[in-house]
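Start from the sequences, fold in the hints, and give me the full structure.
Number of protein chains: 2
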Amino acid sequence: MQGNGPIAILAGSGQLPIQLVEHLERMGQDRRVLAFRGFAAPELRRRADASADLLDLKTIMGTLDRWQPRAVALVGAVRRPGFSALLGAYSLLRNRQEVKEVIARGDDQVLRGAVMLLEERGYRVVGAHELAPGLVAPPTLRGKLAPGEDDARAVAVGLDLLSSLSAFDIGQAAIVAREHVLAIEGPEGTDRMLRRVMKLRQSWLGFRRRREGGVLIKAAKRGQDLRVDMPAIGPRTVAEAARAGLSGIAVGAGSTLILDQEITLALADRLGLFLTAVELPWMESGRG
Amino acid sequence: MQGNGPIAILAGSGQLPIQLVEHLERMGQDRRVLAFRGFAAPELRRRADASADLLDLKTIMGTLDRWQPRAVALVGAVRRPGFSALLGAYSLLRNRQEVKEVIARGDDQVLRGAVMLLEERGYRVVGAHELAPGLVAPPTLRGKLAPGEDDARAVAVGLDLLSSLSAFDIGQAAIVAREHVLAIEGPEGTDRMLRRVMKLRQSWLGFRRRREGGVLIKAAKRGQDLRVDMPAIGPRTVAEAARAGLSGIAVGAGSTLILDQEITLALADRLGLFLTAVELPWMESGRG
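Residue numbers (the working numbering), protein chains in the order written: chain A, 1 to 288; chain B, 1 to 288.
Rather than coming from a laboratory, the hints here were simulated on the basis of the structure.
Don't take every hint at face value.
Where chains are identical, the list cannot tell them apart; a pair therefore holds if satisfied intra-copy or between any two copies.
Calculated lysine-lysine pairs in the DSBU-like style (CA-CA distance at most 30 Å, straight line) [claimed, not checked]:
(1) Lys-144 x Lys-100
(2) Lys-100 x Lys-199
(3) Lys-58 x Lys-144
(4) Lys-199 x Lys-144
(5) Lys-58 x Lys-100
Following this line, the structure appears as structure tokens:
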């Protein structure tokens, strides 16, 4: 089914689909957007060429078959639907037991399942990092502030922790203060994890909340397919990290998306946080 | 300083100190309770012989020196104070750099530091499980319901995960549905982690919240000193697990405390949850 048509964007929530579409427009590339109802931002929905429910595979596949895209990208967050809803939707296309095994395993497996389904139908599936390399954190990413000694230890512990968690479908991010792990990200996402740490610190002994330090470490998992659920940060991440009293953010170089890179860096400077990219020992440079 | 005096209980929050005191009273054992202000429950404070701020080491040590206890137990939860407050308090007794290294590392390290401090002064430090073995989950723990096939897979994944996290000072508990990790416990505790999963499920696509399954797995870490921060569950854990839509709870046999064991089991039965103990491959039976 692969054609010479436009680039097709299957768009979930957040700023990433919007920034990707803007990038493609600036580059003069033909694109079509299918927005997932209940997820895609209003600003994106206004620019979308079609929309569908997340589990309405018939409409999704029918739309793609019409567009004959030369590449398809799954971009933006979607929340994992309940097990039985997923099972029902995918069982239209595939053996029920097979579907059950895939979706039992975790978010990544579900998304990888979606990629497999698209590839089986002949589509080329690409990642946002391939369509817009300028959105990816370069190894030279750096704001005005540099991590201190405590921060460097926190980053080392955080990377070690995320590496240990690679075998499990969880944990693209963690918050570590010195060597003390304060939180590991689950399906709730980075912003909610940051708010959890903020609350934790507010309640400790009723002490006034102060800048207690700590680092948000965010990185792609070992063996992660960067075409699905690539880690991303943006201005909101920086603002939440500051509210949680952290001293900075470290992201995997070449494998993390930075939304509004200039604004994100400027905000980190203004709020007194460092923002840096670190080489991930388990990633080849820039590719999953 | 070890004497032939009473058993001294240094009491933080929750039901455990109360149940331990009641157990010692039933056994006719002499005991003294020092309640930590801001943590110990009102019911315990009324029975306490002394109270102190968590970081007021002078009062704590002075009280113990007066009591000449034959054993000291640190029981019940305390929230980790801020780094600088801890540093200030402990630096009265020990080299500042040494203290800094210990408290940088995590909750367990701080508690182990407290145990070391007590042992250096000649006190014998014991765990609640040694004073009241009846509070510990026996290998035969079992309610009316048994875990299903999906639950057994979830328990295996959860134990594997907790084992991987043993090197880090986090994660006595996790929630897993089939093979999908929904949450890893941080310093916020089990109840708040359960509420996180409840909220996660409520927000997924606006689907009605149903019993989606999943298991709370709670177990002592590899190499954990059971005299500090021993994992514990009770009726409230069961109620929160039910609200989060879980199908059951699995705890480490011989190394988890069950508060109000009969009530906890009866509540699990009534709310339709299984409650079971599993042998931890990394623990010798019953001892850390």
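Hints, one by one, checked against the model:
no. : hint              : verdict
1   : Lys-144 x Lys-100 : between (49 Å within a copy, 28 Å between copies)
2   : Lys-100 x Lys-199 : between (37 Å within a copy, 24 Å between copies)
3   : Lys-58 x Lys-144  : neither (50 Å within a copy, 44 Å between copies)
4   : Lys-199 x Lys-144 : within (28 Å within a copy, 38 Å between copies)
5   : Lys-58 x Lys-100  : within (19 Å within a copy, 60 Å between copies)
The structure shown violates just one earlier hint, number 3.
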